[in-house]
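Order-wise, the sequence lines are chains A and B. Each residue of the first sequence is one higher than the one before, counting from 0 in numbering that gives the first Met the number 0. Each residue of the second sequence is one higher than the one before, counting from 0 in numbering that gives the first Met the number 0.
Everything labelled a hint here was simulated from the structure, so no lab data went into it. Incorrect hints may appear among the rest.
Said to hold, decoys possible - Derived coverage of chain A by chain B (criterion: at least 3 residues anywhere in the stretch with Cβ under 8 Å from a Cβ of chain B; other residues may be distant):
(1) 11-25
(2) 28-36
(3) 42-53
Claimed, not checked - Computed list of chain B residues with no C-beta within reach of chain A, every gap over 12 Å:
(4) Gly13
(5) Ala15
(6) Arg18
(7) Gln20
(8) Lys22
(9) Glu37
(10) Asp99
(11) Glu167
Said to hold, decoys possible - Each computed DMTMM-like pair below joins lysine to aspartate or glutamate, with the alpha-carbon atoms no more than 25 Å apart:
(12) B:Lys185 x A:Glu55
(13) B:Lys147 x A:Asp43
(14) B:Lys147 x A:Glu26
(15) B:Lys185 x A:Asp1
(16) B:Lys185 x A:Asp43
(17) B:Lys185 x A:Asp15
(18) B:Lys163 x A:Asp15
(19) B:Lys147 x A:Asp167
(20) B:Lys163 x A:Asp42
(21) B:Lys158 x A:Glu52
(22) B:Lys147 x A:Glu62
(23) B:Lys158 x A:Glu32
(24) B:Lys163 x A:Glu52
(25) B:Lys104 x A:Glu52
(26) B:Lys158 x A:Asp42
(27) B:Lys147 x A:Asp15
(28) B:Lys104 x A:Glu55
(29) B:Lys147 x A:Glu19
(30) B:Lys147 x A:Asp1
(31) B:Lys147 x A:Asp42
(32) B:Lys185 x A:Glu32
(33) B:Lys163 x A:Glu41
(34) B:Lys163 x A:Asp43
(35) B:Lys22 x A:Glu52
(36) B:Lys158 x A:Glu5
(37) B:Lys163 x A:Glu55
(38) B:Lys185 x A:Glu26
Note that CB positions come from ideal geometry on N, CA and C, so glycine has one too.
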Amino acid sequence: MDPTLEAVLNGTHRGDLTAEQEQQLAEYLESPEGLQALSGLEDDLGQAAGYLEPPELPAAQWERVHQAVRALGAPGAAAAPPSNVVPMPQPVQRAEPSQLPKLVAIAAAVLLVLGVGLFLPLDVLMGDGQPKTVGTMDDTPDDPPSGPAVVVELEEGPGYSVKPYTVDNLLVFRIASKD
Amino acid sequence: MSSGKQASGSTDLGRAEARAQDKKLIERALAGDATAFEEIYERHRHAVYKVAYGMTRNAEDALDVVQDTFLKAHKSLARFERRAALRTWLCQIAVHQGIDLGRRKKVRRADSLEDGLVPSGERGPRAEARERELKSALQEALANLSEKHRTVFVLYTVKGLSYKEIAEAVGCSVGTVMSRLFYARKNLQGLLAQFAPR
Numbered sequence: 000m001d002p003t004l005e006a007v008l009n010g011t012h013r014g015d016l017t018a019e020q021e022q023q024l025a026e027y028l029e030s031p032e033g034l035q036a037l038s039g040l041e042d043d044l045g046q047a048a049g050y051l052e053p054p055e056l057p058a059a060q061w062e063r064v065h066q067a068v069r070a071l072g073a074p075g076a077a078a079a080p081p082s083n084v085v086p087m088p089q090p091v092q093r094a095e096p097s098q099l100p101k102l103v104a105i106a107a108a109v110l111l112v113l114g115v116g117l118f119l120p121l122d123v124l125m126g127d128g129q130p131k132t133v134g135t136m137d138d139t140p141d142d143p144p145s146g147p148a149v150v151v152e153l154e155e156g157p158g159y160s161v162k163p164y165t166v167d168n169l170l171v172f173r174i175a176s177k178d
Numbered sequence: 000m001s002s003g004k005q006a007s008g009s010t011d012l013g014r015a016e017a018r019a020q021d022k023k024l025i026e027r028a029l030a031g032d033a034t035a036f037e038e039i040y041e042r043h044r045h046a047v048y049k050v051a052y053g054m055t056r057n058a059e060d061a062l063d064v065v066q067d068t069f070l071k072a073h074k075s076l077a078r079f080e081r082r083a084a085l086r087t088w089l090c091q092i093a094v095h096q097g098i099d100l101g102r103r104k105k106v107r108r109a110d111s112l113e114d115g116l117v118p119s120g121e122r123g124p125r126a127e128a129r130e131r132e133l134k135s136a137l138q139e140a141l142a143n144l145s146e147k148h149r150t151v152f153v154l155y156t157v158k159g160l161s162y163k164e165i166a167e168a169v170g171c172s173v174g175t176v177m178s179r180l181f182y183a184r185k186n187l188q189g190l191l192a193q194f195a196p197r
């Protein structure tokens, strides 16, 4: 008898069996002696299996699996998003509207005008205080400055006034509330 | 041999009925009935969990394996060849998923020894400590079995799987299943004898 097989039968072999050794063992187990060796197999394995029963899990632990399976729908149908995808948090609505966007808009307008104003003649901007439009698309200067031209439309509104002035060759617009 | 895996008239009948019910559920699921797949899951999740736990020896990992098994089964249900029993097929998927997870994790985490023990008011603290000790030793012995021996033993523990079905799930002959079980028994026998009731 193959020594490994003998060791298996004695219960002293540890490690894997080759396909050939496995086949030899299978053949042996079909012989009359082998059948005898198999007696009590199920009792022993049943006893071992009983000790190795998996723990019963509380329903809450199963819930994620239930949800994932429910989300699948019918095979072949478009699957719903997996349940472990966390939805994007909804933005929190503020109780009172913030003044910040208005201030940011004003600051952005000032900065834009400061940048663009360098290309515009000052006299165009001075006038009688009536609502006026400066630097429109039609105001093509006779001698356009080199570089890319930027056109800006600046108009006084009912609540704000715009006053241009210069400081050290810098064109500044002062936007103030009429209130 | 005891009656555990031997085919008797009544178990054959039960098995045939179960297969017929599974077949109807598969047909309903493939026809677009979403509740049919949920029924399949309900019918087989405990068997799959048992296999998953046997392969991973950790309840959380086992739940991951159960989930992956049913996701995979859902995806491949149309390709399932109905020559085999649905339960056998699901257990086969669970074995592969369990092996994959074990390889990905490399180091297997065994559950706390307390987890699998059902508290009993009838047993004294010494008996419970003894059982814990045995369970620990068996877990160790099971972990030391080769993957193919452990797989066959874990499938053996699933009620309703015959030797033939285990052989189908593993892709070997019934003789090989017997030899692997015999080998597993030899490895566990010493331990079991040591802890046999006196």
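Are all C-beta atoms of chain A more than 12 Å from that of B:Asp99? It holds; B:Asp99 is separated from chain A by about 17 Å at its closest Cβ, greater than 12 Å.
For B:Lys185 and A:Glu32, compute the direct alpha-carbon distance and say whether it is at most 25 Å. holds, 16 Å
Is the hinted pair B:Lys104 and A:Glu52 satisfied, with a Cα-Cα distance of at most 25 Å? Roughly 22 Å between the alpha carbons, so the hint for B:Lys104 and A:Glu52 holds.
Pair hint outcome, B:Lys147 versus A:Asp1 [Cα-Cα no greater than 25 Å]: It holds: about 21 Å lies between the C-alpha atoms, which stays within 25 Å.
Hey, B:Lys185 versus A:Glu55, does the alpha-carbon distance stay inside 25 Å? violated, 28 Å
Is the Cα-Cα distance between B:Lys147 and A:Glu19 25 Å or less? holds, 15 Å
Are the Cα atoms of B:Lys147 and A:Glu62 separated by 25 Å or less? violated, 31 Å
Restraint check for B:Lys147 with A:Asp15, where alpha carbons must lie at most 25 Å apart: Satisfied, since the Cα-Cα distance of roughly 9 Å is no more than 25 Å.
For the pair supplied as a hint, B:Lys163 and A:Glu41, confirm whether the alpha-carbon distance does not exceed 25 Å. Within the cut-off at roughly 15 Å; holds.
Does the alpha-carbon distance linking B:Lys158 and A:Glu52 stay inside the 25 Å limit? Since the Cα atoms of B:Lys158 and A:Glu52 sit roughly 12 Å apart, the hinted pair holds (cutoff 25 Å).
Quickly compare the C-alpha distance for B:Lys185 and A:Glu26 to 25 Å and report which way the hint goes. holds, 17 Å
Pair hint outcome, B:Lys147 versus A:Asp42 [Cα-Cα no greater than 25 Å]: Measuring from Cα to Cα gives roughly 21 Å; hence the hint holds.
In this structure, the earlier hints numbered 9, 12, 19, 22, 23, 35, 36, 37 are contradicted, and the remaining ones agree with it.
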